[in-house]
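Enquirer: Reminder that position 154 of the sequence shown reads as 149 in the numbering used here, one-by-one numbering, no gaps.
To be clear, the hints were calculated from the coordinates, so they are not data collected in a lab. One or more of the hints may lead you astray.
Label-pair distances were calculated between CB atoms; the ranges are [to be verified]:
#1 Met43 <-> Gly77: 36 to 44 angstroms
#2 Gln38 <-> Lys201: 24 to 32 angstroms
#3 Leu253 <-> Arg36: 18 to 26 angstroms
#4 Asp295 <-> Arg108: 50 to 58 angstroms
#5 Asp274 <-> Phe191: 25 to 33 angstroms
#6 Val159 <-> Arg242: 19 to 27 angstroms
#7 Gln269 <-> Glu100: 34 to 42 angstroms
#8 Phe191 <-> Gly226: 14 to 22 angstroms
#9 Gln207 <-> Ser267: 39 to 47 angstroms
Small disclaimer: the values here were computed from a predicted structure and weren't measured. Note that beta-carbon positions come from the ideal geometry of N, C-alpha and C, so glycine has one too.
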Amino acid sequence: MTERSIERIGFIGLGIMGRSMAANLLKAGFEVTVWNRTAARMQPLLDMGARGASSPRGAAEASDAVITMVTDSPDVEAVLFGDDGAIHGARPGAVVIDMSTISPERTRRMAARLAEHQVAMLDAPVTGGDVGARDGTLSIMVGGDEQVFERCLPLFRAMGRHIVHVGPHGAGQTVKLCNQVIVALHLLAMGEGLAFAAKAGVDLEKMLSVVQKGAAGSWALDNLAPRVLRGDYAPGFMVRLQQKDLRLALEAAAELDLPLVGTSLVQQLLRSVQAHGGDEDGTQAIVTALERLGNFRLDDVGRTRERRR
């Protein structure tokens, strides 16, 4: 496989995370060509100096590496292998870097298919949320050939702070699903702690200020609990996307005959959020499911806030 220096990046998928990641690549001096299914989302990147492509194929034709940041396994397969997919424009020696969160097994199959065209693949999902994407401080877990990983380090460093090669194809996605399992349980812990304090009549701000500094401290407490106290259920990370990730984790665990009891419980609680119209809410909306179960509202401890319903 012919190695190419990586200077030109094709970026496919400009959602909450992708648009900030592509912007950081531009700021780092890479030539970036963008494509998004909803073309209007390309405009802020074009205003920053990116080039626009009319298809994933066009993005690949203009690039040494193609980054995909889309929703699920079928979406990655579509932008790579569809009628106008990136595979039809990628040249031998190019690299496809999938930074979505998808199935580890389907990742391995896609890597094998790309290798038939002398195109390397890395699975490099991220964690750190919308703030990490904006600030270029994402954690990036990378699966694939280590030499390809080393070639791609400069572009990873433009988007993240903690970058680790975790193993062969699919390992990045597996580690990301481990992350999502842990995140899910932290969500539940945050929600139940707030629920307990509210129902007991404790001042939530004071409770939070104390437990954040001790053994119970977590990213969820630092970043999501304050949003809950403000009545802010806007995403960071949408409930429907968290549910997709938990589905992937539970499917992979089933293949291993591994019960994930807590993960399953969080999935069901978030399903209640979805049933009440919360698909697009941030994952901190798990608190609303606990409010319904416990027949209380966080407002009852004396705060006032607007609730989105």
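Enquirer: Does 19 to 27 angstroms hold as the CB distance between Val159 and Arg242, or does it fail?
Expert: Roughly 25 angstroms apart at Cβ, these two residues keep to the hinted range, so it holds.
Enquirer: Quick check: does the Cβ-Cβ distance between Leu253 and Arg36 fall within 18 to 26 angstroms?
Expert: 38 angstroms, violated
Enquirer: Taking the CB of Met43 and the CB of Gly77, does the distance hold inside 36 to 44 angstroms?
Expert: Since Met43 and Gly77 have Cβ atoms about 27 angstroms apart, the given range 36 to 44 angstroms is violated.
Enquirer: Using the C-beta atoms of Gln269 and Glu100, is the stated range 34 to 42 angstroms upheld?
Expert: 26 angstroms, violated
Enquirer: Look at the Cβ atoms of Gln207 and Ser267 and judge whether their distance stays inside 39 to 47 angstroms.
Expert: Once the Cβ atoms are compared, 27 angstroms apart, the range 39 to 47 angstroms for Ser267 and Gln207 is violated.
Enquirer: Indicate whether the distance between the beta carbons of Asp274 and Phe191 respects the range 25 to 33 angstroms.
Expert: 27 angstroms, holds
Enquirer: Honestly, do Asp295 and Arg108 meet the 50 to 58 angstroms range at C-beta?
Expert: Roughly 55 angstroms apart at Cβ, these two residues keep to the hinted range, so it holds.
Enquirer: Note whether the CB distance of Gln38 and Lys201 lies within 24 to 32 angstroms or breaks it.
Expert: The hinted range 24 to 32 angstroms is violated for Gln38 and Lys201, with Cβ atoms some 45 angstroms apart.
Enquirer: Could you tell me whether the CB distance from Phe191 to Gly226 stays inside 14 to 22 angstroms?
Expert: 19 angstroms, holds
Of the numbered hints stated above, those contradicted by the structure are hints 1, 2, 3, 7, 9, listed in ascending order.
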